[in-house]
Amino acid sequence: MNTIKTIFCAAMLPLALSCAAQKIGVPQHITVKGTQFYKGNTPYHYIGANYWYGSLLASTTVGNRERLAKELDELKANGIDNLRIMVGAEGGTLDYTVTPALQPKQGEYDQALLDGLDYLLGEMRKRNMYAVLYLTNNWEWSGGMSQYLEWNGYGTLPNPNIPPNTWPQFMDYVKQFVTCQPCQEAFKKHIGYILGRTNAYSKVKYTEDPTIMAWQIGNEPRVFTADNEAAFTTWVNDVVNEIDRLDPYHLICTGSEGKAGSADDIGVFERTHNNPKIDYLTMHIWPKNWGWYKHDNAKATLPTAISSTMAYIDEHIAVAQKLNKPIVLEEFGLPREGESLDRKSTTADRDAYYRAIFERLAKSIKAGQVFTALNFWGYGGTGENNPANGHWRKGDDFTADPPQEPQGLNTVFSGDSTLKLVKEFNGKIK
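Residues in the sequence shown are numbered from 64 upward in steps of one, following the working numbering.
If you're looking for bench data, these hints aren't it; they were derived computationally from the structure.
Model, not experiment: these values are computed from the prediction.
The beta-carbon is built from N, C-alpha and C at its ideal position, and this holds for glycine as well.
The reader is advised that the hints may include incorrect statements.
[Claimed, not checked] Pairs of lysine-lysine residues, derived as DSBU-like cross-links and limited to a Cα-Cα distance of at most 35 Å, are as follows:
#1 K133 - K429
#2 K457 - K252
#3 K357 - K102
#4 K483 - K407
#5 K357 - K96
#6 K357 - K189
#7 K268 - K96
#8 K357 - K139
#9 K385 - K96
#10 K266 - K251
#11 K102 - K252
#12 K168 - K340
[Unchecked claim] Computed beta-carbon distance windows for the label pairs:
#13 N352 - P227: 28 to 34 Å
#14 A293 - R130: 44 to 50 Å
#15 G255 - R190: 24 to 30 Å
#16 G401 - P227: 25 to 31 Å
#17 E447 - Y172: 25 to 31 Å
#18 P339 - R130: 27 to 33 Å
#19 E248 - T219: 18 to 24 Å
#20 E447 - R418: 23 to 29 Å
#21 A415 - G255: 44 to 50 Å
#22 P227 - A263: 42 to 48 Å
#23 E248 - Q174: 48 to 54 Å
#24 E248 - A175: 22 to 28 Å
#25 G97 - R418: 24 to 30 Å
Take these sequences, add in the hints, and give me the full structure.
This is the structure in C-alpha coordinates:
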(Lines of atoms letter the chains of each structure in order from A; the text may use other names.)
(Lines give C-alpha, C1' and ligand atoms only; values in the text may rest on other atoms or scores of the structure.)
Protein backbone atom coordinates (compact mmCIF):
# COMPACT_ATOMS: atom_id res chain seq x y z
CA MET A 64 0.00 0.00 0.00
CA ASN A 65 2.84 2.39 0.74
CA THR A 66 4.18 1.91 -2.78
CA ILE A 67 0.74 2.43 -4.29
CA LYS A 68 0.32 5.68 -2.37
CA THR A 69 3.72 6.89 -3.51
CA ILE A 70 2.90 6.12 -7.15
CA PHE A 71 -0.52 7.74 -6.83
CA CYS A 72 0.94 10.90 -5.34
CA ALA A 73 3.60 11.19 -8.01
CA ALA A 74 0.97 10.89 -10.73
CA MET A 75 -1.45 13.20 -8.99
CA LEU A 76 0.78 16.19 -8.37
CA PRO A 77 1.66 18.24 -11.43
CA LEU A 78 5.24 19.24 -12.05
CA ALA A 79 4.32 22.87 -11.54
CA LEU A 80 3.28 22.18 -7.94
CA SER A 81 6.52 20.34 -7.30
CA CYS A 82 8.53 23.28 -8.61
CA ALA A 83 6.39 25.77 -6.70
CA ALA A 84 6.97 23.83 -3.49
CA GLN A 85 10.70 24.32 -3.85
CA LYS A 86 10.40 28.00 -4.76
CA ILE A 87 7.91 29.28 -2.21
CA GLY A 88 8.36 26.79 0.61
CA VAL A 89 5.21 24.67 0.35
CA PRO A 90 5.85 21.53 2.42
CA GLN A 91 6.97 18.48 0.50
CA HIS A 92 4.68 15.49 0.72
CA ILE A 93 5.47 12.90 3.43
CA THR A 94 5.40 9.25 2.36
CA VAL A 95 6.47 5.90 3.78
CA LYS A 96 8.99 3.69 2.03
CA GLY A 97 9.62 0.45 3.86
CA THR A 98 10.08 1.36 7.52
CA GLN A 99 11.01 5.02 7.03
CA PHE A 100 9.27 8.34 6.45
CA TYR A 101 10.39 10.37 3.48
CA LYS A 102 10.02 14.05 2.71
CA GLY A 103 10.30 13.98 -1.05
CA ASN A 104 13.35 11.79 -1.57
CA THR A 105 14.94 12.55 1.81
CA PRO A 106 14.42 10.52 5.00
CA TYR A 107 12.23 12.44 7.44
CA HIS A 108 12.82 12.19 11.20
CA TYR A 109 11.34 14.51 13.77
CA ILE A 110 10.93 15.43 17.39
CA GLY A 111 7.54 17.08 17.25
CA ALA A 112 4.91 18.16 19.74
CA ASN A 113 1.32 17.55 20.71
CA TYR A 114 -0.63 20.75 20.07
CA TRP A 115 -4.17 19.42 20.30
CA TYR A 116 -5.80 22.83 20.79
CA GLY A 117 -4.19 24.44 17.72
CA SER A 118 -7.37 24.87 15.70
CA LEU A 119 -9.17 26.38 18.70
CA LEU A 120 -6.34 28.87 19.18
CA ALA A 121 -6.62 29.73 15.47
CA SER A 122 -10.36 30.46 15.61
CA THR A 123 -11.81 33.96 15.60
CA THR A 124 -14.23 33.20 18.43
CA VAL A 125 -12.13 31.73 21.26
CA GLY A 126 -8.68 31.93 19.74
CA ASN A 127 -5.73 34.28 19.63
CA ARG A 128 -4.02 34.39 16.27
CA GLU A 129 -1.23 36.62 17.55
CA ARG A 130 -0.38 33.99 20.17
CA LEU A 131 -0.64 31.29 17.50
CA ALA A 132 1.89 33.04 15.26
CA LYS A 133 4.34 33.48 18.13
CA GLU A 134 4.03 29.85 19.14
CA LEU A 135 4.40 28.45 15.64
CA ASP A 136 7.51 30.60 15.20
CA GLU A 137 8.93 29.38 18.51
CA LEU A 138 8.25 25.77 17.60
CA LYS A 139 9.94 26.19 14.25
CA ALA A 140 12.92 27.94 15.87
CA ASN A 141 13.41 24.86 18.06
CA GLY A 142 13.39 22.50 15.10
CA ILE A 143 9.80 21.37 15.69
CA ASP A 144 7.97 20.99 12.40
CA ASN A 145 5.48 18.22 13.24
CA LEU A 146 2.36 18.84 15.33
CA ARG A 147 -0.29 16.36 16.44
CA ILE A 148 -3.62 18.19 16.46
CA MET A 149 -7.22 17.39 17.34
CA VAL A 150 -9.61 18.08 14.47
CA GLY A 151 -12.26 19.14 16.97
CA ALA A 152 -14.41 18.25 19.95
CA GLU A 153 -17.87 16.76 20.04
CA GLY A 154 -20.36 18.64 22.21
CA GLY A 155 -20.37 17.22 25.70
CA THR A 156 -22.42 17.60 28.87
CA LEU A 157 -19.54 17.49 31.36
CA ASP A 158 -18.47 20.75 32.95
CA TYR A 159 -14.87 20.36 31.76
CA THR A 160 -15.46 19.17 28.19
CA VAL A 161 -13.52 21.16 25.60
CA THR A 162 -15.57 24.23 24.70
CA PRO A 163 -16.61 25.19 22.10
CA ALA A 164 -17.17 21.94 20.26
CA LEU A 165 -16.62 21.51 16.55
CA GLN A 166 -19.80 19.40 16.54
CA PRO A 167 -22.18 20.95 19.09
CA LYS A 168 -24.75 18.41 17.88
CA GLN A 169 -24.23 15.32 15.77
CA GLY A 170 -23.70 16.37 12.16
CA GLU A 171 -23.81 20.11 12.92
CA TYR A 172 -20.57 22.09 12.73
CA ASP A 173 -19.25 25.31 14.22
CA GLN A 174 -18.06 27.09 11.09
CA ALA A 175 -15.76 29.41 13.06
CA LEU A 176 -13.84 26.40 14.35
CA LEU A 177 -13.58 24.92 10.86
CA ASP A 178 -12.20 28.27 9.76
CA GLY A 179 -9.72 28.00 12.63
CA LEU A 180 -8.55 24.62 11.39
CA ASP A 181 -8.14 26.09 7.90
CA TYR A 182 -6.18 29.02 9.28
CA LEU A 183 -3.92 26.83 11.38
CA LEU A 184 -3.06 24.58 8.44
CA GLY A 185 -2.48 27.66 6.29
CA GLU A 186 -0.05 29.12 8.83
CA MET A 187 1.73 25.80 9.19
CA ARG A 188 1.98 25.54 5.41
CA LYS A 189 3.77 28.90 5.30
CA ARG A 190 6.31 27.57 7.81
CA ASN A 191 6.89 24.17 6.18
CA MET A 192 5.30 22.36 9.10
CA TYR A 193 3.32 19.13 9.16
CA ALA A 194 0.09 18.15 10.89
CA VAL A 195 -1.07 14.76 12.15
CA LEU A 196 -4.82 15.19 12.53
CA TYR A 197 -6.89 12.89 14.74
CA LEU A 198 -10.59 12.61 14.01
CA THR A 199 -12.09 11.66 17.38
CA ASN A 200 -11.08 10.80 20.93
CA ASN A 201 -11.44 7.75 23.15
CA TRP A 202 -11.72 10.03 26.17
CA GLU A 203 -14.57 12.15 27.44
CA TRP A 204 -12.64 15.42 27.78
CA SER A 205 -13.45 16.36 24.20
CA GLY A 206 -16.72 14.47 23.85
CA GLY A 207 -15.35 11.83 21.53
CA MET A 208 -16.68 8.29 21.26
CA SER A 209 -18.72 8.57 24.44
CA GLN A 210 -20.56 11.56 23.00
CA TYR A 211 -21.49 9.59 19.87
CA LEU A 212 -22.92 6.90 22.15
CA GLU A 213 -24.91 9.44 24.15
CA TRP A 214 -26.18 11.03 20.94
CA ASN A 215 -27.39 7.64 19.71
CA GLY A 216 -29.44 6.46 22.64
CA TYR A 217 -26.95 4.62 24.85
CA GLY A 218 -27.81 6.64 27.94
CA THR A 219 -25.86 9.24 29.90
CA LEU A 220 -22.14 8.60 29.95
CA PRO A 221 -20.66 7.84 33.38
CA ASN A 222 -18.43 10.76 34.38
CA PRO A 223 -15.12 9.12 35.36
CA ASN A 224 -13.71 12.22 37.06
CA ILE A 225 -16.11 12.70 39.96
CA PRO A 226 -16.65 10.50 43.05
CA PRO A 227 -17.43 7.69 43.23
CA ASN A 228 -14.80 6.24 40.91
CA THR A 229 -16.69 5.34 37.74
CA TRP A 230 -13.73 4.53 35.49
CA PRO A 231 -14.77 0.87 35.13
CA GLN A 232 -18.29 1.94 34.14
CA PHE A 233 -16.92 4.53 31.73
CA MET A 234 -14.65 1.96 30.07
CA ASP A 235 -17.58 -0.44 29.64
CA TYR A 236 -19.64 2.40 28.18
CA VAL A 237 -17.07 3.48 25.57
CA LYS A 238 -16.30 -0.13 24.66
CA GLN A 239 -19.72 -0.20 22.97
CA PHE A 240 -18.69 2.33 20.32
CA VAL A 241 -17.20 -0.23 17.94
CA THR A 242 -20.50 -2.16 17.83
CA CYS A 243 -22.80 0.89 17.73
CA GLN A 244 -23.91 1.05 14.08
CA PRO A 245 -25.47 4.54 14.18
CA CYS A 246 -22.31 5.82 15.94
CA GLN A 247 -20.12 4.36 13.22
CA GLU A 248 -22.32 5.79 10.47
CA ALA A 249 -22.18 9.24 12.08
CA PHE A 250 -18.41 9.00 12.50
CA LYS A 251 -18.01 8.05 8.83
CA LYS A 252 -20.07 11.08 7.84
CA HIS A 253 -17.78 13.20 10.01
CA ILE A 254 -14.73 11.75 8.26
CA GLY A 255 -16.25 12.45 4.87
CA TYR A 256 -17.15 16.00 5.87
CA ILE A 257 -13.67 16.87 7.09
CA LEU A 258 -11.78 15.12 4.29
CA GLY A 259 -14.06 16.75 1.72
CA ARG A 260 -13.10 20.25 2.85
CA THR A 261 -11.13 22.85 0.87
CA ASN A 262 -8.97 25.22 2.92
CA ALA A 263 -10.46 28.73 2.83
CA TYR A 264 -7.00 30.32 3.11
CA SER A 265 -4.68 28.20 0.99
CA LYS A 266 -7.49 27.17 -1.43
CA VAL A 267 -6.07 23.64 -1.36
CA LYS A 268 -8.28 20.60 -0.84
CA TYR A 269 -7.52 18.79 2.40
CA THR A 270 -7.05 15.58 0.43
CA GLU A 271 -4.32 17.27 -1.64
CA ASP A 272 -2.58 19.33 1.05
CA PRO A 273 0.99 18.19 1.81
CA THR A 274 0.80 20.12 5.11
CA ILE A 275 -1.26 17.20 6.39
CA MET A 276 1.14 14.33 7.02
CA ALA A 277 -1.45 11.81 8.22
CA TRP A 278 -5.02 11.16 9.21
CA GLN A 279 -5.40 9.42 12.52
CA ILE A 280 -8.55 7.52 13.47
CA GLY A 281 -8.56 8.98 16.95
CA ASN A 282 -6.72 9.69 20.13
CA GLU A 283 -6.03 6.39 21.88
CA PRO A 284 -8.80 4.13 20.50
CA ARG A 285 -8.82 1.11 22.80
CA VAL A 286 -9.72 -2.55 22.54
CA PHE A 287 -10.52 -2.38 26.30
CA THR A 288 -10.95 -6.15 26.80
CA ALA A 289 -9.72 -9.21 24.95
CA ASP A 290 -13.25 -10.29 24.02
CA ASN A 291 -13.66 -7.00 22.11
CA GLU A 292 -10.68 -7.61 19.80
CA ALA A 293 -12.65 -8.95 16.84
CA ALA A 294 -15.20 -6.12 16.87
CA PHE A 295 -12.47 -3.51 17.36
CA THR A 296 -10.41 -4.93 14.48
CA THR A 297 -13.42 -4.92 12.16
CA TRP A 298 -14.13 -1.31 13.06
CA VAL A 299 -10.51 -0.19 12.62
CA ASN A 300 -10.26 -1.84 9.21
CA ASP A 301 -13.58 -0.33 8.13
CA VAL A 302 -12.49 3.19 9.11
CA VAL A 303 -9.03 2.77 7.57
CA ASN A 304 -10.60 1.58 4.33
CA GLU A 305 -12.96 4.56 4.30
CA ILE A 306 -10.17 7.09 4.86
CA ASP A 307 -8.08 5.42 2.17
CA ARG A 308 -11.03 5.46 -0.24
CA LEU A 309 -11.59 9.17 0.29
CA ASP A 310 -7.93 10.13 0.40
CA PRO A 311 -5.27 7.80 -1.05
CA TYR A 312 -2.78 10.71 -0.93
CA HIS A 313 -2.15 10.85 2.82
CA LEU A 314 -0.76 8.45 5.39
CA ILE A 315 -3.11 6.67 7.81
CA CYS A 316 -2.52 5.50 11.38
CA THR A 317 -4.73 4.63 14.33
CA GLY A 318 -3.43 6.80 17.21
CA SER A 319 -3.09 3.77 19.47
CA GLU A 320 -1.19 3.75 22.76
CA GLY A 321 0.17 0.37 21.75
CA LYS A 322 0.11 -2.43 24.31
CA ALA A 323 -1.53 -0.19 26.93
CA GLY A 324 -4.52 0.31 24.63
CA SER A 325 -4.66 -3.32 23.54
CA ALA A 326 -5.92 -5.10 26.67
CA ASP A 327 -2.29 -4.95 27.87
CA ASP A 328 -1.38 -7.58 25.27
CA ILE A 329 1.30 -6.84 22.67
CA GLY A 330 -0.12 -9.63 20.52
CA VAL A 331 -3.48 -7.84 20.36
CA PHE A 332 -1.68 -4.67 19.27
CA GLU A 333 0.06 -6.56 16.47
CA ARG A 334 -3.09 -8.28 15.23
CA THR A 335 -5.25 -5.15 15.26
CA HIS A 336 -2.63 -3.29 13.20
CA ASN A 337 -1.89 -6.00 10.64
CA ASN A 338 -3.47 -4.03 7.80
CA PRO A 339 -1.33 -2.83 4.85
CA LYS A 340 -3.35 0.39 4.68
CA ILE A 341 -2.17 1.36 8.16
CA ASP A 342 1.02 3.10 7.09
CA TYR A 343 2.74 3.41 10.46
CA LEU A 344 2.33 2.45 14.10
CA THR A 345 2.15 4.59 17.22
CA MET A 346 2.78 4.13 20.93
CA HIS A 347 2.13 6.29 24.00
CA ILE A 348 3.93 6.17 27.35
CA TRP A 349 2.77 7.72 30.64
CA PRO A 350 5.15 6.81 33.49
CA LYS A 351 3.23 8.74 36.16
CA ASN A 352 -0.17 7.33 35.22
CA TRP A 353 1.25 3.82 34.99
CA GLY A 354 2.90 3.95 38.41
CA TRP A 355 6.50 3.92 37.19
CA TYR A 356 7.27 7.43 38.45
CA LYS A 357 6.24 9.02 41.75
CA HIS A 358 6.96 12.70 42.23
CA ASP A 359 7.32 12.33 45.99
CA ASN A 360 10.03 9.69 45.50
CA ALA A 361 11.57 10.96 42.27
CA LYS A 362 15.14 9.99 43.02
CA ALA A 363 14.26 6.31 43.35
CA THR A 364 11.53 6.09 40.70
CA LEU A 365 12.96 8.14 37.83
CA PRO A 366 15.46 5.37 36.91
CA THR A 367 12.58 2.87 37.02
CA ALA A 368 10.51 5.10 34.75
CA ILE A 369 13.36 5.33 32.25
CA SER A 370 14.13 1.60 32.23
CA SER A 371 10.44 0.68 31.92
CA THR A 372 10.07 3.18 29.09
CA MET A 373 13.00 1.65 27.20
CA ALA A 374 11.51 -1.82 27.61
CA TYR A 375 8.12 -0.60 26.33
CA ILE A 376 9.75 1.04 23.31
CA ASP A 377 11.75 -2.10 22.51
CA GLU A 378 8.65 -4.28 22.76
CA HIS A 379 6.88 -2.11 20.19
CA ILE A 380 9.91 -1.84 17.92
CA ALA A 381 9.77 -5.63 17.63
CA VAL A 382 6.14 -5.49 16.43
CA ALA A 383 6.91 -2.69 13.95
CA GLN A 384 9.82 -4.68 12.55
CA LYS A 385 7.58 -7.72 12.14
CA LEU A 386 4.90 -5.68 10.34
CA ASN A 387 7.54 -3.74 8.38
CA LYS A 388 6.22 -0.32 9.39
CA PRO A 389 7.73 2.80 11.01
CA ILE A 390 6.68 3.51 14.58
CA VAL A 391 6.27 6.87 16.31
CA LEU A 392 6.23 7.55 20.05
CA GLU A 393 3.58 10.23 19.81
CA GLU A 394 2.73 10.84 23.47
CA PHE A 395 4.87 10.91 26.60
CA GLY A 396 5.32 13.38 29.41
CA LEU A 397 6.49 13.96 32.96
CA PRO A 398 5.47 16.58 35.55
CA ARG A 399 7.68 19.31 36.91
CA GLU A 400 9.33 18.77 40.28
CA GLY A 401 6.76 17.80 42.92
CA GLU A 402 4.01 18.07 40.29
CA SER A 403 4.26 21.83 40.69
CA LEU A 404 2.12 23.93 38.35
CA ASP A 405 4.41 26.92 38.84
CA ARG A 406 6.39 27.33 35.64
CA LYS A 407 9.34 28.69 37.66
CA SER A 408 9.77 25.26 39.22
CA THR A 409 12.48 22.97 37.90
CA THR A 410 12.04 20.56 35.01
CA ALA A 411 15.23 18.63 35.80
CA ASP A 412 13.53 15.22 36.11
CA ARG A 413 11.46 15.83 33.01
CA ASP A 414 14.55 16.84 31.04
CA ALA A 415 16.41 13.73 32.20
CA TYR A 416 13.48 11.57 31.12
CA TYR A 417 13.16 13.32 27.75
CA ARG A 418 16.90 13.07 27.16
CA ALA A 419 16.83 9.30 27.65
CA ILE A 420 14.04 8.98 25.08
CA PHE A 421 15.74 11.34 22.63
CA GLU A 422 18.96 9.37 22.89
CA ARG A 423 17.06 6.14 22.20
CA LEU A 424 15.49 7.73 19.12
CA ALA A 425 18.85 8.99 17.87
CA LYS A 426 20.31 5.51 18.35
CA SER A 427 17.45 3.96 16.39
CA ILE A 428 17.80 6.44 13.54
CA LYS A 429 21.53 5.89 13.32
CA ALA A 430 20.95 2.12 13.12
CA GLY A 431 18.19 2.48 10.52
CA GLN A 432 15.60 0.97 12.86
CA VAL A 433 11.84 1.39 12.68
CA PHE A 434 11.58 3.83 15.62
CA THR A 435 11.90 6.95 13.56
CA ALA A 436 10.12 9.93 15.17
CA LEU A 437 8.25 11.23 18.22
CA ASN A 438 5.88 13.89 19.52
CA PHE A 439 6.24 14.94 23.16
CA TRP A 440 3.25 15.94 25.29
CA GLY A 441 2.75 18.71 25.05
CA TYR A 442 3.48 22.25 24.01
CA GLY A 443 1.63 24.99 25.90
CA GLY A 444 3.59 27.93 24.55
CA THR A 445 2.68 31.24 26.14
CA GLY A 446 -0.62 30.03 27.58
CA GLU A 447 -1.39 31.11 31.13
CA ASN A 448 -2.28 28.51 33.75
CA ASN A 449 -3.52 29.05 37.28
CA PRO A 450 -1.18 27.33 39.77
CA ALA A 451 -3.74 27.87 42.54
CA ASN A 452 -6.27 25.37 41.20
CA GLY A 453 -4.93 24.19 37.88
CA HIS A 454 -8.09 23.00 36.23
CA TRP A 455 -9.32 24.54 32.99
CA ARG A 456 -12.58 26.43 32.90
CA LYS A 457 -14.36 28.06 29.98
CA GLY A 458 -12.53 31.27 29.08
CA ASP A 459 -9.14 30.11 30.37
CA ASP A 460 -6.14 29.86 28.06
CA PHE A 461 -5.67 26.53 26.33
CA THR A 462 -2.52 24.68 27.35
CA ALA A 463 -1.26 21.21 26.55
CA ASP A 464 -3.04 19.42 29.37
CA PRO A 465 -6.60 18.24 28.74
CA PRO A 466 -9.20 20.26 30.65
CA GLN A 467 -9.94 17.72 33.39
CA GLU A 468 -6.29 17.69 34.47
CA PRO A 469 -4.29 20.39 36.29
CA GLN A 470 -3.16 22.86 33.66
CA GLY A 471 0.62 22.83 33.44
CA LEU A 472 0.99 19.29 34.81
CA ASN A 473 2.74 17.92 31.72
CA THR A 474 2.98 21.12 29.70
CA VAL A 475 6.17 22.39 28.11
CA PHE A 476 5.86 26.18 28.19
CA SER A 477 7.82 28.81 26.30
CA GLY A 478 11.11 29.37 28.08
CA ASP A 479 11.27 25.89 29.63
CA SER A 480 14.71 24.31 29.45
CA THR A 481 13.03 21.31 27.83
CA LEU A 482 12.74 23.25 24.57
CA LYS A 483 16.52 23.69 24.46
CA LEU A 484 16.85 19.93 24.77
CA VAL A 485 14.37 19.43 21.94
CA LYS A 486 16.32 21.85 19.75
CA GLU A 487 19.59 20.08 20.55
CA PHE A 488 18.30 16.67 19.49
CA ASN A 489 16.35 17.92 16.50
CA GLY A 490 19.69 19.22 15.29
CA LYS A 491 21.26 15.81 15.81
CA ILE A 492 18.60 13.70 14.07
CA LYS A 493 18.05 16.00 11.10
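Verification of the hints:
no. : hint                    : verdict
1   : K133 - K429             : holds (33 Å)
2   : K457 - K252             : holds (28 Å)
3   : K357 - K102             : violated (40 Å)
4   : K483 - K407             : holds (16 Å)
5   : K357 - K96              : violated (40 Å)
6   : K357 - K189             : violated (42 Å)
7   : K268 - K96              : holds (24 Å)
8   : K357 - K139             : holds (33 Å)
9   : K385 - K96              : holds (15 Å)
10  : K266 - K251             : holds (24 Å)
11  : K102 - K252             : holds (31 Å)
12  : K168 - K340             : holds (31 Å)
13  : N352 - P227: 28 to 34 Å : violated (20 Å)
14  : A293 - R130: 44 to 50 Å : holds (46 Å)
15  : G255 - R190: 24 to 30 Å : holds (29 Å)
16  : G401 - P227: 25 to 31 Å : holds (28 Å)
17  : E447 - Y172: 25 to 31 Å : holds (29 Å)
18  : P339 - R130: 27 to 33 Å : violated (41 Å)
19  : E248 - T219: 18 to 24 Å : holds (22 Å)
20  : E447 - R418: 23 to 29 Å : holds (28 Å)
21  : A415 - G255: 44 to 50 Å : holds (45 Å)
22  : P227 - A263: 42 to 48 Å : holds (46 Å)
23  : E248 - Q174: 48 to 54 Å : violated (23 Å)
24  : E248 - A175: 22 to 28 Å : holds (26 Å)
25  : G97 - R418: 24 to 30 Å  : holds (29 Å)
In this structure, the hints that do not hold are numbers 3, 5, 6, 13, 18, 23, in rising order.
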